[in-house]
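These protein sequences, in sequence, are chains A and B.
Just so we're aligned, residue -5 is where the first sequence starts under the working numbering, counting upward by one.
Just so we're aligned, residue -5 is where the second sequence starts under the working numbering, counting upward by one.
If you're looking for bench data, these hints aren't it; they were derived computationally from the structure.
Honestly, I wouldn't trust all of these hints.
The list cannot tell twin chains apart, which means a pair is met if one copy fits it or any two copies do.
As the list claims (entries may be wrong) - Straight-line C-alpha distance at most 25 Å; calculated BS3-like pairs for lysine-lysine:
#1 Lys212 to Lys63
#2 Lys176 to Lys261
#3 Lys212 to Lys393
#4 Lys378 to Lys121
#5 Lys53 to Lys196
#6 Lys176 to Lys63
#7 Lys144 to Lys599
#8 Lys196 to Lys63
There are 2 protein chains.
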Amino acid sequence: MGAKWIWYSGDYEVYHSMLLHARRTEYDFAFGPMWHVSRPEMSAYFSKNITVDAPVTAKAVSKGFGYVKLDERRICALNEEFTIPAGSYRLVVNVTNLETFPSCFIDAPGIETDETWTGHFNEAHPKPVGCNDAFTCVDQDPAVFPFSYKPIEIASANEVDGGMLYDFGQESFGPVYVTAEKSAGTVSVYYGESEPEALSMKYSYLREHIPAFDGEKKLMSRAFRYIYVRTENAGSVPAIRAELEYLPLEDLFVFTSDDARLPEILKICSNAFHLNSREFFLDGIKRDRWVWSGDAYQSYQVSRYLFNDPDITRRTIRALLGKLPVLQHTNTINDYSAYMFLGAWDYFYASGDIKFIADIWENLVGLYDFIVSRLDPETGYVVKQEDDWIFIDWADIDKDGPLAAEQILLYNVYTTMDKLTAALNENGYAALAARVSPMVNKLAGAGETYSEKAETLKARIMKDFWREERGGFIDTYASGREHMTRHANIFAILFDFVPDDVKEVITQSVLLNDDIDQITTPYFKLYELMAFARMGRMEVIQDYIDSYWGGMIKNGATSAWEEFDPNKEGIEHYAMYGEPFGCSLCHAWGAGPILLLGKYCAGVKETSVGAKTFEVAPVPGRYTHFEAAVPMAGGVVNVNYADGKVTVSASIPGGTLKWNGREAEIPVNQFVTL
Amino acid sequence: MGAKWIWYSGDYEVYHSMLLHARRTEYDFAFGPMWHVSRPEMSAYFSKNITVDAPVTAKAVSKGFGYVKLDERRICALNEEFTIPAGSYRLVVNVTNLETFPSCFIDAPGIETDETWTGHFNEAHPKPVGCNDAFTCVDQDPAVFPFSYKPIEIASANEVDGGMLYDFGQESFGPVYVTAEKSAGTVSVYYGESEPEALSMKYSYLREHIPAFDGEKKLMSRAFRYIYVRTENAGSVPAIRAELEYLPLEDLFVFTSDDARLPEILKICSNAFHLNSREFFLDGIKRDRWVWSGDAYQSYQVSRYLFNDPDITRRTIRALLGKLPVLQHTNTINDYSAYMFLGAWDYFYASGDIKFIADIWENLVGLYDFIVSRLDPETGYVVKQEDDWIFIDWADIDKDGPLAAEQILLYNVYTTMDKLTAALNENGYAALAARVSPMVNKLAGAGETYSEKAETLKARIMKDFWREERGGFIDTYASGREHMTRHANIFAILFDFVPDDVKEVITQSVLLNDDIDQITTPYFKLYELMAFARMGRMEVIQDYIDSYWGGMIKNGATSAWEEFDPNKEGIEHYAMYGEPFGCSLCHAWGAGPILLLGKYCAGVKETSVGAKTFEVAPVPGRYTHFEAAVPMAGGVVNVNYADGKVTVSASIPGGTLKWNGREAEIPVNQFVTL
């Protein structure tokens, strides 16, 4: 292992999250984050007990200021050469950096900075340092996010109404470079995900007016397919070029079938997902560009089926957790706090990475404490407290009382804390696990274990929200309206909150019941489709993929949209949130088909922590044949279905093929057919 | 009231504390803070419900970026003019500032930014904004601390060993300007509080090597009396000039007596105190330049008797509290956390400023929770936990078990929380007071009030630490050594922990007992002298002032030193902490005589919250006459003692003269003699 840049645990993510959340603009307004965003530390001590057999000469390279200490003796300033004689020492590097965050890099035999170092304030709060495989060179700076760049070709350029309209052929994200002469006066650049958006000027979400200049200017990275450029004065036309700013993540997922539209559909899904996979998982690249926990929870899952880069998931979880104390629910939304636990478990179950769980445990416990401190003391239910946003979905849910959907999420918070605590205990982190919830937890049900809390809550939910005669959960019992929406019922299936026979009842009486309002957001629609998948209703999913994503493509989509309504016409498609171009044409949640087809149609999924075992349980639905390559546990599983038979091979061990009531082990790199 | 710059409550102090704690250098090392230092917010929402009778045009001026919102409508970006029609609205300003901290200024009739605005993250955590009377002009920036500057005359300049030695005549602090020619090569500037320090070069604490340059360079503000300049190459000698960086605080305190040395002694005390009264109260200006809670607690008290500027005290308390969560004891020291409560009470008792207590209440509760969470669960005592520093004093205290001195401080934490909670309840902050200690407090003695906790603790302390037969408190009972030092005994007197007759016993058997080790630090010596003063032993104090401060002056002091030992000779005086020039020659705690003479000899002190009443109870000691002017409650009290009589006048009401067992009211601006 070579040297890595190190920093105080979490600071890299906190710093880049800070920058990201300060970059949102709408029309001519800069739009600061709607929630509390943490800042990184200003100062840190990095240390390690080292033993060197021969003298070693090194430098503690850093953009900050500070010193190097050997045992109790300060030996030099940062960026100065020092020599350590053979022997055993405590090596400490003190770094202060007010500009970005404290980091440091030592590359010399036996004293390389890496994950074996500890970061702390003075000697207090020692934690393993943060580091990242992307930062292993001395000339790097962890304050500069390591994006890749490549030119984007201009597909067409046309004069329109005295300005130039450039079409880059597909949805993109990156810096635009403008070359102009001063005589042109102010240069105005209007960005559009669609042509009408770029040309509207007044309603182009993203735009910049650059005072007269000579030469080339680089504009901040933004979303666009179209760029419309106008100048204050007639005369020379500015030249523009653009680069794609991206992470070089390779798609491992392949899925083809007798449905000829699938390749194109999966391509726009992949495009949208890659464009939103940046420092963190974004929901959309144009408008809000913030990190949202609910949307991210879906992205964690989709990403594993597309390119499986666990680092974005880790970065996103850390950015959303921020620094203690917890001052608000995640994104101010109660349900979004709960998804943090589901997301942590989802990551751990797929990766087995207990070190990451240990690294974030203090923050998870802080968030758990915050949630529990705001429960209704009498019922133990999640209720709206001051500053809370009970969201669940943009839908006509009766929120006049505690919501069933919120309580089912809370049940999952309890069961997740139970499972993660057990995992810490089993993996050498018992001392850390014992630090659970030193405060609030004891107040809200002294002595109760997480699983006891979960069971108490479940019994109460069933009594208060379940309606046996209607075969589903109502929104809330408090208002007396007895209104039923799909949301809690979808959760009940998805999170195994009820036994299988009850899930089937819910599927019939709620999910397949047209009298219950349809889900209107693609965000929650993905949960519903996952619920259908869990119930084996693959045709429902396949039909929906065709009509919804197929419909987008017919309307010119080059990446998956935030929303699509087949009943709309022309530029109506681009409107949302009361704004003519409010709809994002590149939204991560639009990438759901990748997850739906990989996990449920090809049927490839983990069956134990760390994906030590996995299953391939295909549900072809209405496809007469399909061929899939699905990433799993760092390898790939190939699944071919044709003529009623399934043939599978896998590059990793632990697989079981399940087909037609039969099971077969999947030996590594050998074909198995059932 | 005019407009003021506003910011998220506490951010001004947190930001300047961050800068201050990043400025320490020693020899050639930058020395980051030894504890966790908070950073300010990156983004804030400022809001107010306004009503304007006529249209008003204004700008939200800010160095950050963001927008102005009227009800739910964003109307313009920052620094753009907007007009509000007559009517009632919610006006919101969103500011993001990654460089410094979010602040904003609106100066237009009816919508001025001032303390009536609210600051919050989104709509959460609304608090009154922070603001300061020093920032009322549109062209100011709260990120620039409003110091005053004036030239310091050079008293002498002499060539020494190929360099130039400048003497500025007295201890100073500020920027030094160097004018040089490039041909001189690197210019080295060595700072000295003493001549030997400047000339030692190797051991000059502060120094800077400036690569060859032409013209004038401004160096960062540092402490000095002497400046020694050398150049790499022979030839032209750089010119230097210097400025004093200071706060224009006017001394209100005057004290003269038959002791002819007093004026000079009080002058070096005042010098030292002014030089250390900056963004916050520093302990010394040369070496560590950080903010220490124990030292600051003494400065709060001294400052009231010298210039009475409550804003430095408020700033210092806020800087020390920082932002939640509490990760360590204040300055990592258990006793220093306790002084935060004593300091808050001291400030409140003198000022009656309940709004400030309300502003910092959340942080005080956080610190209280932290303290209580680390008590020994069995005894309820303060004990050394991981990362704690049980300090009390540099002295031979038996720390092999819980310390009596720490427990007496904890007793004061309980009683202070009790008094502050009552004050909040009585002054319209009941809702805030009810938020006390939501967590830990309930664990450690559920249902107990603060005063019950205090009484339980006191009984236990008396049982475990008090030795009736020896007339004093031992350090700790745990080791069995039964060792007795002065510290806990001094606290017992100072904080009225024992009845008056027991205080007298302690005075005789401990304070006046030469078999008990003498206090060696001027820091704790001040507490001891205050204890002597409380016991009416004014001669002890007067003798000590003469020998200790008088001794410094004989050794050339122009400001009060960190330490003075009459047994040392020549440059031995400058050594401390194992470094030849480790002793600070300008230390705030050296200003004690101001407090001792004003509060105890002239006898002027508050007797109720907000100094609504005060007493003048002189204790002349060995002075045959004295004349004093003592600041009190925004006014001044004049006290003349001569011929066995005391004459008093005061510019503020509420005073009572106590002399020779008699009492008399002090009418405003009239003389009273007893």
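Consistency of the hints with the structure:
1. Taking CA atoms no more than 25 Å apart as the test, Lys212 paired with Lys63 passes in neither setting, with 42 Å inside one copy and 30 Å between copies.
2. Within a single copy, Lys176 and Lys261 get their C-alpha atoms no closer than 42 Å, and across copies no closer than 63 Å, so neither meets the 25 Å cut-off.
3. In the homo-oligomer, the alpha carbons of Lys212 and Lys393 never lie at most 25 Å apart, since the shortest distance is 47 Å inside one protomer and 63 Å across protomers.
4. With identical chains, the CA atoms of Lys378 and Lys121 are at most 25 Å apart between copies only, with a shortest distance of 21 Å across copies and 35 Å within one.
5. For the identical chains of this complex, Lys53 and Lys196 are inter-copy neighbours only, at 23 Å across copies versus 54 Å inside a copy, given an alpha-carbon limit of 25 Å.
6. When the C-alpha separation of Lys176 and Lys63 is checked against a cutoff of 25 Å, the pair qualifies neither within a copy, at 54 Å, nor between copies, at 35 Å.
7. Proximity of Lys144 and Lys599 under a CA criterion of 25 Å is satisfied in neither setting, with 35 Å inside one chain copy and 74 Å between copies.
8. Taking the shortest Cα distances, Lys196 and Lys63 sit within 25 Å of each other only across copies (19 Å), while inside one copy they are farther apart (59 Å).
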